[in-house]
Structure formats: C-alpha cells, structure tokens
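The whole structure should be built from the sequences, with the hints applied where relevant.
The primary structure of each chain is shown beneath.
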Amino acid sequence: MKWVLCGITFALSVALAVGTASYRAGNTRLRMQIEREYRSIEARRIEVRRLSLAAAEQATPERLCDRLRDVLRASVATAPKEPAPWQ
Amino acid sequence: MTRGERFRLRLVFGALAVVPLFLCGWFAWIQVLQNGDLKRPDGIRVALSADAATVQHRRTERLPGARGTIRDRHGAILAMDCDAFEVRAEVSTPKKVRRDCADTRAWLRSLARSLADALVRDQGLADRAAARSAHFERLEERLTVAFCIDQLPATGAAPESLPWRREILVDRGVSVLSVIEALEELDRDTDSVLLHMQHDHARVYPERQVTYGLVGYVEDQPLRSEAGKLLGFEVRATAGLEAVQALLPGAGGEREFLVDAKSKRFYTGIGNAPESPSTVEATIDLELQKTASRELERQAMAVSENAARRPLWGAMVLIEVETGDVLAAASWHRDSKHPKGAAFTPYQSLYEPGSIVKPLLFAYAHQHGGLDWERSFDCSSSGADHHLSVPEVGGRVVRDDHACGVLSSHGILVNSSNIGAVKVGSLLTRDDWAGYLDVYGLRRSLCLPMPNERQGHVASKGWLPGIKEPAFKKWTGSSYSIGYEHQVNALQMARAYLTMLSGCRRELRLLRAVTVAGTRVEQPVQRGPQEFSSDTVTLVRSALGDVISDDEGATGRHLVAAFRKDGTELVGLLAGKTGTAKSRTVIKGKGTVEVRNASFVGFMPAAAPRYLAVCVLQRDDSARFYGGSYAAPPAARLLLEAMRLEERRRLGQGPQVSATPGSSGRGLLAAETAQAGRR
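Residue numbers (our numbering), protein chains in the order written: chain A, 1 to 87; chain B, 1 to 679.
In short, the hints are calculated from the structure, not lab data.
This one's a predicted model, so the numbers in the text were calculated from it and none came from an experiment.
Wrong hints could be hidden among the right ones.
Ranges between beta-carbon positions, derived for each pair [stated by the list, open to error]:
1) B:P153 x A:V18: 48 to 58 Å
2) B:E141 x A:A77: 38 to 48 Å
3) B:R40 x A:M32: 44 to 54 Å
4) B:A261 x A:S40: 18 to 28 Å
5) A:S40 x B:E234: 28 to 38 Å
6) A:V18 x B:I270: 28 to 38 Å
7) A:N27 x B:E234: 34 to 44 Å
8) B:G75 x A:S40: 40 to 50 Å
9) A:M32 x B:G75: 39 to 49 Å
The beta-carbon is built from N, C-alpha and C at its ideal position, and this holds for glycine as well.
As structure tokens, then:
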C-alpha cells in the first residue's frame with residue numbers, strides 16, 4: 001500500500017510540475033500576444049497622429065481652394081461645347 | 001508482493017531517484033565548483049544568480065521626450081514633433097551563405113531589396129519606384145560597409161576575421177502603418193534579421209514655405225569628445241524660433257519587456273511615459289504671415305515685368321502697435337537655391353534706410369532739439385539735380401528728388417525733402433544724435449529669441465574723438481538726417497517706428513507665452529520710459545497721413561492713385577513714409593556693387609494706428625527704384641488684409657482665400673510637412 005501511495009504522490013507531483021509548466025507557458029504565450037497587440041496599437045496610434053496632422057495640412061483654405069480650382073478646370077475641359085447658332 | 005515484483009519496483013524508483021541526484025550534483029558543480037559565475041565564450045563572466053537570469057531576458061525600451069510645439073497666436077501649429085520609429089536591423093549572415101562570398105553578396109543584396117520593398121509599402125508615396133531605388137542603394141551601401149563586402153574575394157569561403165553579425169540603421173521617421181506592418185512581417189519571416197523599432201520623433205512644419213526663416217529648423221550635428229572622436233549626434237537648432245530653450249525635449253520615459261532566446265518580446269507593462277512636450281506660442285499670425293509672404297513674392301516678381309531686374313532680396317514685417325507683437329515677417333531672395341542657406345532678411349539683412357528715418361528725426365528734433373513745427377525752411381534748390389549747398393551744415397551739397405520751395409516741417413515730411421531734413425538735422429548736436437540712435441535702438445539688438453541677428457550699426461568714423469562738432473554736423477549728422485551712414489534691418493526699423501508712434505521706448509515681442517510642464521508663463525509687453533509727448537506724436541502722425549494723399553509733391557500720391565483704380569481709398573486710412581536710398585554693398589562673388597533700397601513704413605488706421613508694416617526691397621543695379629512705387633504697395637495690401645482679417649475674426653468668420661493662385665504657402669508637396677514626398 002505504501003508503495004502505491006508513493007507512486008500516487010510522485011504522479012501528483014509530476015502532474016503538478018507539468019501543470020505549472022503548461023500554465024506558465026500559456027502565460028508566456030499570452031504575454032507575447034499582448035506585446036504584439038501593444039506594438040500594433042502603438043503603430044496605429046502613430047498612424048492616427050500622422051493622418052490627423054496630414055488632414056489638417058490638407059484642409060487649409062488655400063489648399064482646398066487649389067483643389068476646387070483643379071476640379072473646376074477639369075470640369076471645364078471636359079464639358080461639351082455650346083452648339084453654334086447654325087448647328 | 002513477490003520478490004521479483006519488489007525488485008522491479010525498487011529498480012524503477014531507484015532510476016527515478018537518479019534524476020534529483022543528478023540535478024543536485026549539477027547544481028553543486030555550477031554553484032560551488034564554478035565559484036558563482038560562468039565564463040561565456042566571449043569572455044564575459046555571468047553571475048550565477050536569479051537576478052542575472054532575469055537581467056538576461058529583460059530589455060528596456062527608451063521612450064524619448066518630444067521637442068516642444070511651436071504655435072501661432074491663434075493655436076495653428078508651426079512646428080511639432082510627430083511620433084515615429086527609428087528602425088535598426090541586427091543582421092546575422094547565415095552559415096550556409098558564409099561558405100561562399102558570392103552567396104554572401106547575393107544574400108545581402110536580397111536583404112537590402114526586401115527592406116527597401118518594405119519601406120515603400122506606403123501607397124501614398126508620390127514616386128514609389130524612385131523611393132525604392134533610393135532606399136535600396138542606401139541600404140546596400142550600409143550593408144557593404146558593415147560587412148566589409150569590398151574586402152571579400154570574388155568567390156570562395158569568407159575569411160574568418162570578417163564580421164558575421166552587424167547592426168545597421170534601416171530608416172528614421174517611419175510612421176506609416178503599412179510600412180511598419182511590412183517591416184514587422186519581414187522581421188517574423190526572416191530568422192537572420194532582427195528589427196528593432198525604436199521610438200523616435202520626426203519634426204514636421206505644416207506651413208513650411210512661409211515660415212522657414214522665422215521658425216527655423218533643427219539639424220543633427222556631430223557630438224565629439226575632446227580628442228575629436230565622434231560620440232554620436234545631437235539635435236541642435238541654429239536658426240529661428242527653434243532655438244528657444246523651452247523647446248528642448250523633457251525627460252524621456254522607459255518601458256521594460258522580456259525577450260526569449262530568439263529575441264521574441266513579452267509584455268511586462270506600459271512603463272513610464274516621457275514628459276509631455278512644452279508649447280511655445282509665437283506672436284505670429286499664420287494667415288497674415290501667408291499674406292506677407294505672398295505679397296512680398298508677388299511684388300518682387302512684378303518688378304521684373306517692366307524688363308527690370310528682380311530685387312536681390314526683400315523683407316516685410318507686420319507689427320501690432322498695442323503689444324509690439326510681430327504678426328508676420330516675410331523674407332524673399334532672388335538667388336537662393338534653398339531657404340535653409342538664405343538669410344532671414346527681416347532679421348539678418350541690413351540696408352541704409354534712406355528717407356524713412358525723416359519722421360523719426362523730426363519727432364526727436366521736436367521733442368529734444370528745439371524744432372518749432374511752424375518754422376519754415378527754405379528748401380529751394382537749383383540745377384537739374386535740385387541741389388543746394390546747405391549753409392547750416394558747413395555747405396555740404398544736398399540733392400532733392402524734385403524742386404521744393406519754402407516748407408514747414410509738415411511739408412518737408414510730405415515732400416520728403418532732403419534739404420529740409422538736413423536743415424532740421426542741423427538743429428541736433430552730437431550728443432543729441434547719440435540720444436536719437438539710443439532712443440530708437442538703431443545700434444541695439446532686438447533681443448528676440450532667435451540666433452544670428454545682424455544688428456544695425458552706424459559708420460564709426462563720425463564718432464571718433466578727433467572729429468569736431470562742425471565736421472560731425474557736416475558729414476555724419478547730415479547723412480543721418482536722410483538715412484545714410486547707418487544700417488538697420490527691417491525689424492529694427494519697425495521697432496524705431498513703434499517707439500515713435502507709442503511715444504515711449506518699445507521692444508518687439510515674438511513669443512506670447514511658453515507652457516512647460518502645464519505651467520503657462522506669459523511674456524510681458526515691454527514699455528520703456530516716455531520719450532515723446534502726445535503733441536509730437538500727433539504732429540508727425542498727421543504729416544505721415546498727408547504723405548499718403550493726392551497733394552502735389554506727396555510721395556505717396558502714386559500709391560493712392562494705384563489703389564483708387566482698384567477701388568480702395570487709402571487717403572485717411574493709411575499713413576506712412578516712403579524711402580529710396582542708393583548705397584553700396586558687398587555681394588559674395590561680385591564684390592562691392594551699387595544697390596538701390598526701396599522701403600516703406602506704413603501704419604493703419606492713420607488716426608489711431610493698430611498695425612505697422614515695414615517693407616524693403618534691395619536691387620543691385622543703378623536704375624531708379626522708388627519706395628513709393630515698389631515697397632509701398634505690398635505693405636499697404638498687407639495692412640488692409642490685417643484690418644480685414646481683424647474684422648472677419650470679430651464677426652466669427654475665418655480667413656478669406658485670395659482668388660488669385662500664388663505659390664507661397666500653397667505647395668501641395670512642401671518638404672518637411674507630414675506629407676513630405678507623398679501625394
């Protein structure tokens with residue numbers, strides 16, 4: 001009987017060791033995932049800042065006016081000509 | 001249990017007992033016999049402790065503090081630090097490619113190509129092919145230098161002495177998400193390359209074209225030890241507002257993370273954030289700055305329309321009279337290839353002011369020199385060049401632009417008579433002239449928070465101790481009376497007029513407030529002791545109002561006529577003084593040449609000035625170049641725009657865009673903006 005108890009104890013300690021190791025491995029895997037997420041969020045935060053500044057730069061009255069001029073020029077170029085009186 | 005079974009059990013448990021015994025023995029070997037540390041192949045001894053184990057897989061990431069932000073008086077950004085990554089690659093050549101030099105070369109070329117591909121993953125790039133080619137060439141060169149590829153034989157195994165692991169800089173200022181993701185993908189897929197994305201900042205200037213000289217720039221300058229060894233690079237500002245000390249980045253932050261044997265990262269926390277950047281509020285009004293740049297450029301280009309030569313340089317400044325705030329300061333150069341190498345003309349280009357000093361002289365002479373404003377001066381001249389040998393200054397010959405008769409002080413200013421001005425100047429003694437230069441600050445620094453000011457100065461000969469009073473009056477005093485023998489920059493002239501119009505010594509202000517660590521410190525408006533009575537100021541101001549009128553002989557009459565044609569009535573609204581000076585200056589590569597300075601100082605409204613503008617254009621030929629015709633129109637348009645903008649803001653409306661397309665402040669591909677090199 002005592003040998004059986006020894007065996008069970010040993011098996012339990014091995015199971016505990018394996019469980020702890022797997023728990024720690026899961027923890028590490030999650031930490032790695034969080035780190036990846038963190039870096040990805042950082043990259044997006046930087047992108048948002050860049051885009052907001054770029055948008056502000058592009059939306060100055062002068063640039064919007066230039067864009068409008070380009071659009072108007074393009075529409076004038078593609079507009080059909082007025083028919084002549086004899087047509 | 002049989003004997004055999006007992007034996008087998010003992011055997012199994014005995015075998016299991018060997019494991020802890022082995023571990024105990026191993027620990028004893030390492031901890032006792034190795035005496036507490038372990039010698040690594042590279043010779044470094046590693047302490048055998050739990051701390052050493054932790055340190056080995058702990059890494060610290062530096063989070064640098066951002067440089068401060070520069071804003072205009074209404075909060076528009078003029079310069080700011082944007083978050084970005086500095087990407088470094090730790091490259092280890094794989095063993096199999098080290099066996100043959102040709103393979104090593106090919107592998108490194110392929111790596112440079114992959115990195116270049118990742119760097120141009122940004123879909124918004126204007127010319128991706130050109131950008132890719134530039135990145136590839138740069139990266140290939142860096143890898144060649146790092147791995148000493150030039151020293152490799154054409155074929156055969158690489159020598160053992162050659163490095164097999166090196167770190168190179170891939171790029172700085174990487175902030176585009178698609179590029180970051182491409183680099184991370186490359187990092188995951190390539191075992192021999194480990195990319196380090198270090199936090200960094202990229203300096204951006206949203207309205208770069210119109211603020212170059214004023215805001216300045218930062219440069220990476222080498223940092224060397226006393227022995228001259230290169231220690232690294234540091235960011236330094238050598239021009240413009242960027243040199244303000246408060247803009248220096250605050251303390252950086254730190255973030256720890258863990259790595260495994262393959263350098264994969266593990267999260268431990270967000271760490272300490274860096275100090276938030278300071279904010280410098282400039283007095284500049286971005287909308288007026290754009291107008292000033294556009295008008296100055298337009299005028300400089302218009303000069304050449306009449307087959308005349310374009311000016312060498314131009315400067316225009318706009319000042320708020322109440323506070324002394326510099327609202328706009330524009331600079332224009334004919335020959336500069338890049339604004340970085342060109343002087344910021346309102347602050348760094350000196351010129352002889354000519355007739356625009358006459359109101360300053362008259363105010364000083366009325367207050368301190370006993371000038372009776374009602375006194376008449378005979379300004380009659382003779383000859384085709386309207387000259388007169390002025391007896392009050394020992395017979396020095398002075399010329400006028402046109403014939404003037406008997407004039408009062410008011411008339412002298414309106415007609416801009418040199419003869420009359422010299423006669424008024426003769427009322428001042430040498431000490432009075434010293435006081436004049438001192439009150440108006442013509443020899444004093446502007447004390448603006450920008451480096452490399454070219455301070456105005458006077459010709460020293462007249463102030464030598466051996467020069468007697470009559471000789472001083474004849475030569476120096478009479479030259480000062482008509483704006484010669486001393487040089488000023490446009491901002492100095494603006495300060496002198498500000499002093500005259502305010503009646504007390506004034507200083508210009510370029511910073512409104514500085515916010516550091518959440519504490520906002522306002523810069524005070526500086527007012528010195530009273531120098532001129534309100535009567536003096538009113539008399540001079542009234543004369544300057546009549547300069548911009550239809551009166552016969554008024555130097556501003558052509559300006560009035562030109563604006564009236566466009567539907568703008570300037571009489572009663574604008575006051576000012578025109579100036580035209582002929583002098584000599586040294587130009588690099590050309591030696592001493594004759595130049596003409598056309599200048600104008602104006603303020604608006606004429607009766608109670610709120611805005612003051614100074615415009616100067618210098619042309620390097622001897623053709624006539626009048627301040628009233630060339631320098632006055634852009635200054636008048638700038639003053640009108642300032643008034644218009646003030647009214648629009650009062651009504652809660654935004655700035656109005658000119659219907660005429662120009663180039664200043666309108667570039668879609670301005671360098672150093674957040675959109676640099678992008679569509």
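Comparing the hints with the structure gives:
The beta-carbon spacing between B:P153 and A:V18, approximately 54 Å, falls within the hinted interval of 48 to 58 Å. Checking the proposed 38 to 48 Å range against B:E141 and A:A77 shows it holds: the Cβ atoms sit about 45 Å from each other. The beta-carbon spacing between B:R40 and A:M32, approximately 26 Å, falls outside the hinted interval of 44 to 54 Å. Checking the proposed 18 to 28 Å range against B:A261 and A:S40 shows it holds: the Cβ atoms sit about 23 Å from each other.
Hint check: A:S40 to B:E234, Cβ distance near 32 Å, so the stated range 28 to 38 Å holds. A hinted range of 28 to 38 Å holds for the C-beta pair A:V18 and B:I270, which are about 33 Å apart. Range check, A:N27 to B:E234: Cβ separation about 42 Å, and the 34 to 44 Å hint holds. Between B:G75 and A:S40 the beta carbons are some 32 Å apart, a value that contradicts the proposed interval 40 to 50 Å.
Look at A:M32 against B:G75: about 42 Å separates their beta carbons, and that is inside 39 to 49 Å.
Hint check: violations occur at hints 3, 8; the rest are consistent with the structure.
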